[in-house]
Amino acid sequence: MFLMLLALAVFAATYLFIITEWINKMLAAMIGGFLIIVLGIVNQHTAFAAIDWNVIFFLIGMMLVISVLRETGLFMFIAIKTAKLAKGKPLNIMLLMFVATAIVSAFLGSVTTIMILVPIVLLIAGELKISPVPFVITMVLASNFGGAATMIGDPPNILIGSATDYSFLDFIVNLTPPVLVIVGSSLGLIYLLYRKGMQVSNVNRARLMDYNDRNLIKNKKLLYFALFILVAMLTAFSLQTILGLETATISMAAGLILLAVGSRKKVEKVLTQDIDWITIFFFIGLFMIVESLVATGFIDVIAGSVIKITGGEPKTTSMVILWLSGIFSAIIDNVPFVAAMIPMIEKLGIYIGDPSKMHPLWWSLALGTCLGGNGTLIGASANIVAVGIANRNGFSISFKDFTKIGALFTLNSMIISTLYIWFRYY
Amino acid sequence: MQMASFLDARDVLIEHKILSKEQVYQTLVERICRHHQLPICGDKLIELIRKRDEEASTAYPTGIAIPHIRMEGYQDTVVAMAFLQNPIDFDGVKVSWVVLIITDKSSSKIYLNIVAALLKISKSPEQLALLMSAVDGHAVIHHLKSLNIEVKKDLTIADIMITNPISITPDKLLKDLGALMSDKGISIVPVTDSQGKFLGEVNLLNFLKVGVPDYIMMLDNLNFLSSFEPLESLFERQDEVKVSEIMEKDIDTITPDASVIEAVFEMIQHKKRHLSVVEKGKLVGVVTAMDIFTQIVRA
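Protein chains in written order, with our numbering: chain A, 1 to 426; chain B, 1001 to 1299.
Hints were generated in silico from the structure; no laboratory data involved.
Mixed in with the good hints, there may be bad ones.
[To be verified] Partner residues aside, some chain B positions facing chain A, computed with beta carbon under 10 angstroms: (1) Y1215; (2) L1222; (3) I1268.
[To be verified] PhoX-like, lysine-lysine: derived pairs with alpha carbons at most 25 angstroms apart: (4) K1282(B) - K265(A); (5) K1197(B) - K1282(B); (6) K1109(B) - K1120(B); (7) K308(A) - K347(A); (8) K315(A) - K269(A); (9) K269(A) - K1272(B); (10) K1249(B) - K1175(B); (11) K1094(B) - K1017(B); (12) K81(A) - K218(A); (13) K1242(B) - K1209(B); (14) K1272(B) - K266(A); (15) K129(A) - K404(A); (16) K269(A) - K1017(B); (17) K1282(B) - K1272(B); (18) K1152(B) - K1123(B); (19) K84(A) - K269(A); (20) K1197(B) - K1175(B); (21) K266(A) - K1271(B); (22) K129(A) - K1209(B); (23) K269(A) - K1209(B).
Computed from a predicted model, the values in this text were never measured in an experiment.
Just so you know, even glycine gets a beta-carbon here, dropped at the ideal spot from N, CA and C.
Please build the complete structure, drawing on both the sequences and the hints.
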């Protein structure tokens, strides 16, 4: 009991630091992670065993793949082409960028997509002499929507995918349909919200249309090779159950092949600059902290009380999980939230017993955490990254600015998800 | 090492007559060749000195001229000097003290330190007057000893830095900075407050970056852009942006008593070609890679 309270105290203190960002969140997670060992809550062996290396190496592999893809100029090509395809008309750019962001993010992850596409949208808005803020906000929403559609799109899904037996295809079958509806309805919302008010002069539009997109692909050979590896990787993900390979093995294989072929002379640069070690160590710290809650039985207690409230009835339980995850993910970063929720859902499985009844619970968790991340400025990593980039360029996006738009789209997406879970699984 | 140790009393010339530059060289060479075994002597040596003179003036504004010959096959350092009651003209500088230094081909450290010590004397009117009052070589050596003129073993940054460096205060506008940079032909300027306290540095790239927003730096490539408005409008922003907004504050500096190797290390380590020399928080000089190159490597 004492150890459980101690673990809870470390957990609460760490999460407080992560939420408030009083210190770097990676540092907070690592301090918390090793504090539980120092305090004797769990021993080092147990804490290290709790680190999900499948997630860690999956992330590293994807970062390697993306590093080489960036090198080819593919992303710049997509963004500039999109803007030109929209004929430089702001509303069209916004709608097309929304779709492009959602698609890229579904396959390469929301945070990366935002880091690559937001600077380009700042440039485009600057050339058109209009405020980039609505563009940045809607792209963040799109990245979290798109990320929700696949196992590899959003950090919460990566964590869920690794903790469960669900394959890449299971995620697509269960999560892509509602996300398509959400993206479609969001485009309607954007049209309603922004169809008026964005005026652009012909001169400024002409500047944009003057962009020379022929030079954007820097290395055609490498691009074709990288695309081939990317498709092979996605195919391997889809055939995971047949191949018997875990996601980390597949993404590392793709990443290492691309690194060896495309960037072998720059290995050091890739390892030091293109791999986001902050995120990697943040995840490692989180796994260790959450393990202390599992080992001391705290998660057990919470799971028990959830069953008490819902009576173990799966339909009610999944609705509670969906909305609880949605609301919590909006208030705190959804990664630490989902890290704590996963062991709880696992425990619920023991109470509920029938494994087939567990499916909607996991999908509710995935949809709730990914979509809830759009609720406020701090809901998901992509939001924080995007606002950071905008702020550094003199376009401040306040908590209120973001939440006003974010909450509306989140509510829309949560209602769609509720209906989806309700009618598909029950 | 005592400065006096490098000097033979017989190699000191105290001259009251009016002599030409040539005559001074001739007398010094005669004396030095009489007392030392030199591989090259006589007219050949005078010719070398004359050539050295043509390359660049050996005179310093303090009234001292220090011709220097690096001699193949000579393993020592020898100094001869002439004190002239009637100063002679060295390319417009009135020189009353000519010091001829002959060293071996490779080592420049002792030579540079002797020059540093000589220059220090020439900057002090009292010390210079004392030496000028000497009646013969023995008196000169005696005075050098009594003044305790040391030839330092190792060169420090203070010996090679540019003193009274150009600096700018943080409240100045970009256009002032731009004018300063183009007038003086410098690309890095130390920033100090009005009391000379070192605050940081500002360089040409900081200046240009005003026209390049952060998001541009995050793009993977820029080859689709042929022009970019913010960079073109940099000219207009020159009147708004202050030096304080673009200067770099966390700058590695060096102290005047640091060794030359320390400066070279800093430069290579941090890929900098310019170091601000700071003593007790105040900017006292700057040293550039080119200074080290010309004054040490090529000296």
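Hints versus structure:
1. Y1215: Nearest chain A Cβ about 4 angstroms off; hint holds.
2. L1222: 9 angstroms, holds
3. I1268: 19 angstroms, violated
4. K1282(B) - K265(A): 44 angstroms, violated
5. K1197(B) - K1282(B): Holds: K1197(B) and K1282(B) sit about 4 angstroms apart, inside 25 angstroms.
6. K1109(B) - K1120(B): 16 angstroms, holds
7. K308(A) - K347(A): 13 angstroms, holds
8. K315(A) - K269(A): Given that 25 angstroms is the threshold and the Cα spacing comes to 50 angstroms, the pair is violated.
9. K269(A) - K1272(B): Given that 25 angstroms is the threshold and the Cα spacing comes to 21 angstroms, the pair holds.
10. K1249(B) - K1175(B): 20 angstroms, holds
11. K1094(B) - K1017(B): Holds - the C-alpha atoms of K1017(B) and K1094(B) are around 16 angstroms apart, at most 25 angstroms.
12. K81(A) - K218(A): 15 angstroms, holds
13. K1242(B) - K1209(B): The given pair, whose Cα atoms are some 13 angstroms apart, holds under the 25 angstroms limit.
14. K1272(B) - K266(A): Status holds; Cα separation ~23 angstroms.
15. K129(A) - K404(A): Status holds; Cα separation ~24 angstroms.
16. K269(A) - K1017(B): 71 angstroms, violated
17. K1282(B) - K1272(B): Roughly 20 angstroms between the alpha carbons, so the hint for K1282(B) and K1272(B) holds.
18. K1152(B) - K1123(B): 17 angstroms, holds
19. K84(A) - K269(A): 33 angstroms, violated
20. K1197(B) - K1175(B): Holds: K1197(B) and K1175(B) sit about 22 angstroms apart, inside 25 angstroms.
21. K266(A) - K1271(B): 20 angstroms, holds
22. K129(A) - K1209(B): 20 angstroms, holds
23. K269(A) - K1209(B): Holds, because 24 angstroms separates the two Cα atoms, which is no more than 25 angstroms.
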